[in-house]
Amino acid sequence: MTDPIRRLAALLPAERLLLRPEQLAAYESDALTAYRASPLAVAIPETTDEVVSLVRWCRGERVPFVARGSGTSLSGGSLPVAGGLVIALNRLNRILRLDPALRIAVVEPGVVNLAVTQAAAPHGLHYAPDPSSQSICTIGGNVAFNSGGAHCLKYGMTANHVLGLKAVLATGEIVEWGGAGREFVGPDWCGLFTGNEGLFGIALEITLQLLPRAECFHTVLAGYRTLEQAGDAVSAIVASGLLPGAIEIMDALALEAATAAVHAEYPPGCEAVLIVELEGTREAVACERVALDAIVAASGPVEARPARDAEERLAIWKGRKSAFSAVGRLSPDFIVQDGVVPRRRLGEALRRIGELARAAGLRCANVFHAGDGNLHPLILYNGREAGALERAEELAGKILKLCVAMGGSITGEHGVGVEKREFLPDMFGPDEIACLERIRAAFDPLGIANPGKMFPAGGAPALQHHGLHPLERTGGISRE
Amino acid sequence: MKAPWTPQTPGELADAVRSATRVVPAGGGTKPRLGAVDPAVQRVSLSGLSGLVEYDPGEFTFTALAGTPVRDIVAALAERGQCLPFDPPWLAGGSTLGGLVAGGVAGPGRFRFGGIRDFILGVRFVDGAGRLLRLGGKVVKNAAGFDLPKFFTGSAGRFGILAEATFKVFPRPASTLTLRIPAEGPAAAAGILMGLAATAWEPDALEVPSDGRGVVVRLAGPGPALETIAGKILGRWPGEILGAPAAAEFWTNLREFGWADAGAALARVAILPTRMEALAGALRTVPGARCHVGAGGHVAFVALATPDAIGTLDVRLGALGLSGMLLRGSGPLWLGVRNRPAIAASVKRALDPEGRFPGLDD
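Top line first, the protein sequences correspond to chains E and V.
Residue numbers are given in our numbering: position 11 of the first sequence equals residue 11, and the series is strictly consecutive.
Residue numbers are given in our numbering: position 133 of the second sequence equals residue 133, and the series is strictly consecutive.
If you are wondering where the hints come from, they were derived from the structure by calculation, not from laboratory data.
Fair warning: there could be bad hints in the mix.
Here are the simulated DSSO-like pairs of lysine-lysine, each with C-alpha atoms no more than 27 angstroms apart in a straight line [said to hold, decoys possible]:
{"#": "1", "chain 1": "V", "residue 1": "Lys2", "chain 2": "V", "residue 2": "Lys232"}
{"#": "2", "chain 1": "E", "residue 1": "Lys318", "chain 2": "E", "residue 2": "Lys166"}
{"#": "3", "chain 1": "V", "residue 1": "Lys232", "chain 2": "E", "residue 2": "Lys154"}
{"#": "4", "chain 1": "E", "residue 1": "Lys166", "chain 2": "V", "residue 2": "Lys348"}
What you are looking at is a predicted structure, and each value in this text was computed from that prediction instead of being measured.
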């Protein structure tokens with residue numbers, strides 16, 4: 001044992017400091033499975049004081065660190081730094097306070113997203129951000145990557161629900177911002193910290209706002225002959241003045257997969273299925289559903305099916321939420337993308353993605369958040385076929401550049417991470433990236449907090465996303 | 001005081017910043033304390049940077065120059081049946097989009113869907129080195145890069161001068177209905193606020209005006225639904241439905257801060273419904289203080305008739321563990337508890353290395 005490791009070992013009981021290669025193997029990658037890196041050690045703190053002392057050790061020894069929750073990042077956000085420390089936060093999983101009168105939960109970073117809603121449910125409350133991996137992903141990871149979900153147009157992303165933060169910065173400084181209130185004074189530090197991709201430090205305690213659960217839902221599934229018709233229906237809904245909680249589209253390949261995987265039944269002969277959900281008071285939904293049903297009926301669907309009860313509603317969502325892993329079963333390997341385009345250009349974007357895919361000789365399925373223009377093209381390929389991976393990578397890159405050229409973004413909710421860092425210069429000019437670098441250096445002058453993520457680096461490894469994550473195979477997680 | 005410069009383009013704004021050793025932006029003057037620094041500092045008026053740059057109702061987004069009067073934006077959105085749901089204040093008063101962000105003051109509608117930070121998507125701004133930078137995005141969803149647009153909300157112009165901002169917008173509700181629920185004192189009012197906020201009736205705004213007559217509730221949505229919901233609310237908390245003219249007058253007066261004397265100092269304080277009673281108690285010892293509690297009991301606006309009361313308010317807020325910002329009047333910019341970790345100065349140096357903009361406490 002070297003002296004630095006001896007000092008590290010003094011911070012935690014031996015059983016919570018993993019040093020042997022066979023122990024480290026499980027932490028070598030996250031949901032972006034092709035990337036692997038072997039850390040120096042994995043520390044498993046149980047208290048926030050331990051997290052602080054680990055970060056301060058990293059600072060003293062100039063060792064890079066990566067915080068990790070459940071490792072569900074699709075952009076490689078929790079990929080270890082070779083030779084660095086992984087700080088696994090899963091045991092910091094206490095809900096410290098749940099105050100139904102103020103409608104807040106104060107949680108540790110290892111608390112699972114869905115656990116917050118489960119704890120709030122007896123009080124008629126819920127935590128709004130709902131990434132598809134919500135049954136396993138942690139709030140700490142959600143904060144680091146500003147996670148989204150199916151309800152972002154109406155309710156926003158994680159940042160819109162973080163009211164307060166206690167964090168240890170890479171400098172070792174402990175900061176506390178915001179609190180239980182919806183309003184704060186001074187710059188929005190919580191907003192700046194959320195989505196930092198682990199480059200500023202580690203959140204230790206997070207105050208989340210909870211919302212009353214809607215009294216009533218009205219969910220409609222409509223099948224269309226063409227994707228354009230489904231896109232036009234979205235435009236008509238948006239133009240009508242309604243504000244649905246979710247507007248989702250699945251294309252033919254995604255429908256085929258979902259049908260096979262969860263025996264969902266969709267209207268036959270459809271190139272696209274639209275799912276729209278209204279939510280609110282019983283009285284408001286009763287009024288608005290009439291308007292929505294009329295718009296959908298006028299949009300020329302092959303068939304429109306309103307969910308008649310809670311069971312039918314859940315079945316619609318089960319098909320939607322399983323679509324990604326279901327598509328994954330159609331092909332040995334796939335790449336998932338997360339670009340955003342202006343909503344009115346959705347149809348055009350999908351057409352051009354289709355053309356690009358055909359030109360590359362690859363199949364591409366689409367399941368996406370149509371309400372906010374967030375695409376999730378899934379590029380299918382066979383990694384054993386010579387050159388297929390390279391073609392898939394090239395297609396993925398073209399799709400991202402297409403999204404930026406159309407006025408959108410390279411990422412809606414998965415973050416840049418290691419996966420899209422080479423595309424950051426497509427979003428931002430050199431002056432902007434230099435500005436982001438200066439802010440990063442303010443939080444982390446030594447560059448020890450999750451280095452290698454977000455910012456472009458020369459000689460980056462090629463993207464090699466192979467097949468389903470092991471947890472997806474077993475149904476533990478799914479993707480959006 | 002030096003005559004202000006009036007750049008006509010974002011590029012000229014960047015040139016202006018580079019040409020001055022110390023510079024402070026000026027907008028509509030509705031929150032004058034933000035720019036009330038050393039008279040020797042060069043003023044830069046944003047009045048030449050006015051107008052919508054892009055507005056596509058189908059995208060639920062607009063981009064406008066920072067000097068655009070917010071009332072012009074609100075009017076353009078209303079024409080297409082849309083709105084900024086957080087009810088930006090001082091429309092008649094002439095507040096500008098840049099000042100809205102820098103001041104971080106939202107109105108009653110902030111309660112339901114969030115405030116400025118929740119609707120701002122992107123910014124174009126000039127940093128302290130005079131660079132014109134664009135961060136965030138122009139689409140409703142974007143996770144690339146650090147969220148500087150949010151950070152600028154409430155930053156009082158100490159980290160950069162906005163040239164342009166992009167916001168998300170929502171459809172305007174089909175109708176609204178306003179209720180008044182009498183409450184004896186702040187504790188009773190707080191109980192109503194928290195009770196109503198926890199229901200599934202989706203109140204759109206919950207305010208406790210300075211007149212001490214109780215809680216005002218706004219519902220928003222389809223008309224027939226609101227009548228029924230109002231009935232349910234009044235069944236639990238007896239009160240009355242305000243007629244449309246009275247309701248419109250109430251919300252307009254509130255939006256323009258008509259309840260506070262034009263000459264009075266005005267402070268914004270972050271609170272909780274559970275602290276309303278303590279704040280009211282403390283304010284009884286501040287001469288001439290009037291207090292409006294808004295956004296469901298999470299913010300208080302305190303008007304002070306006499307300038308020397310600002311110091312007393314500062315001390316009282318500190319004792320209560322509350323933080324505030326002075327919007328009008330002469331006194332410290334930040335009131336009460338000042339949370340100032342070392343990182344604040346580091347980020348200030350990163351964005352304004354030469355200290356061209358006012359200091360964090362100026």
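Hint check:
Our distance criterion of 27 angstroms between C-alpha atoms is broken by Lys2 (chain V) and Lys232 (chain V), whose separation comes to about 59 angstroms. Taking the CA atoms of Lys318 (chain E) and Lys166 (chain E), the gap is about 36 angstroms. The hint is violated against a cut of 27 angstroms. Restraint check for Lys232 (chain V) and Lys154 (chain E): satisfied, since their Cα atoms lie roughly 25 angstroms apart, inside the 27 angstroms limit. Pair hint Lys166 (chain E) plus Lys348 (chain V) holds up; C-alpha atoms about 20 angstroms apart against a cutoff of 27 angstroms.
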